[in-house]
Amino acid sequence: MNAVLQCLSNTDLLAEFLGLGQYKADLRADSPPDSPLLQAQVLLQAPSLRATSSSSSSFSVAASTNGTPRPPRPHGEVTEQLATLVRALWTLEYTPQLSSDFKHVVARYASQFRGSSQQDAQEFLLWLLDRVHEDLNNSNTVPGTRSPLVVESWSGEENDGEDMETGLPYFGKSFVQELFQAQYRSSLTCPHCQKQSNTFDPFLCISLPIPLRQTRVLGVTVVWARSPRCRRVGLA
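Under our numbering, the residues of the sequence shown are numbered 98 to 333, in order.
For the record, the hints were derived by calculation from the structure and aren't laboratory data. The structure displayed is predicted, hence computed values, not measured ones. Be a bit skeptical, because a hint or two may be false.
[As the list claims (entries may be wrong)] Below, a list of computed lysine to aspartate or glutamate pairs in the DMTMM-like style, where the Cα atoms sit at most 25 Å apart:
no., residue 1, residue 2
1, K270, E174
2, K292, E275
3, K200, E190
Using the sequences provided together with the hints, build the complete structure.
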């Protein structure tokens, strides 16, 4: 978690966006308190809530797994805590309590990050970007609906710009999407009609393998100018 926060804090555009409070203009006032993924997880854990969700078109998780009413969570809480932490890092006002508060908020929204056990940094990064995106999403699309992850087209190179906007992994747009999202493009050309099929697969980050250290022995022969002897030295 610390490594991810340090990387995001040193991403200039994001640090400026959060540190200067520019994100407040994009906070959604009508977005659901829980993401669709989190709602699905609660439904799987609490069968008694399934009937309620099926009879209502706009489902909001308002109860815990034991049926006890749960107060609604403040909207944009994760984004607010992240902005507070980033601002403190850049204004030299950081205290360990800020990290503790941020981790506590994250744990309330994502149970997999509770406790002090080692977690996958990329998994946390993707979750955090998705959470901030949902807080800042400025689309009028119905919450919970998402467009396809993969889009195919038979267009040429001149239409690639349009295709880039059709296969978005999240509904609506946000600053996170504009800053981090890109798309892989894979092309398949028909050998008969020569038409090209372009498939776009969106992503927020790229995983790069860390190359293994390779040691190669280099032999150097040292010859003395005033002596007939020589010596071969191996360097690694």
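Problem - Violations among the numbered hints - result: 2
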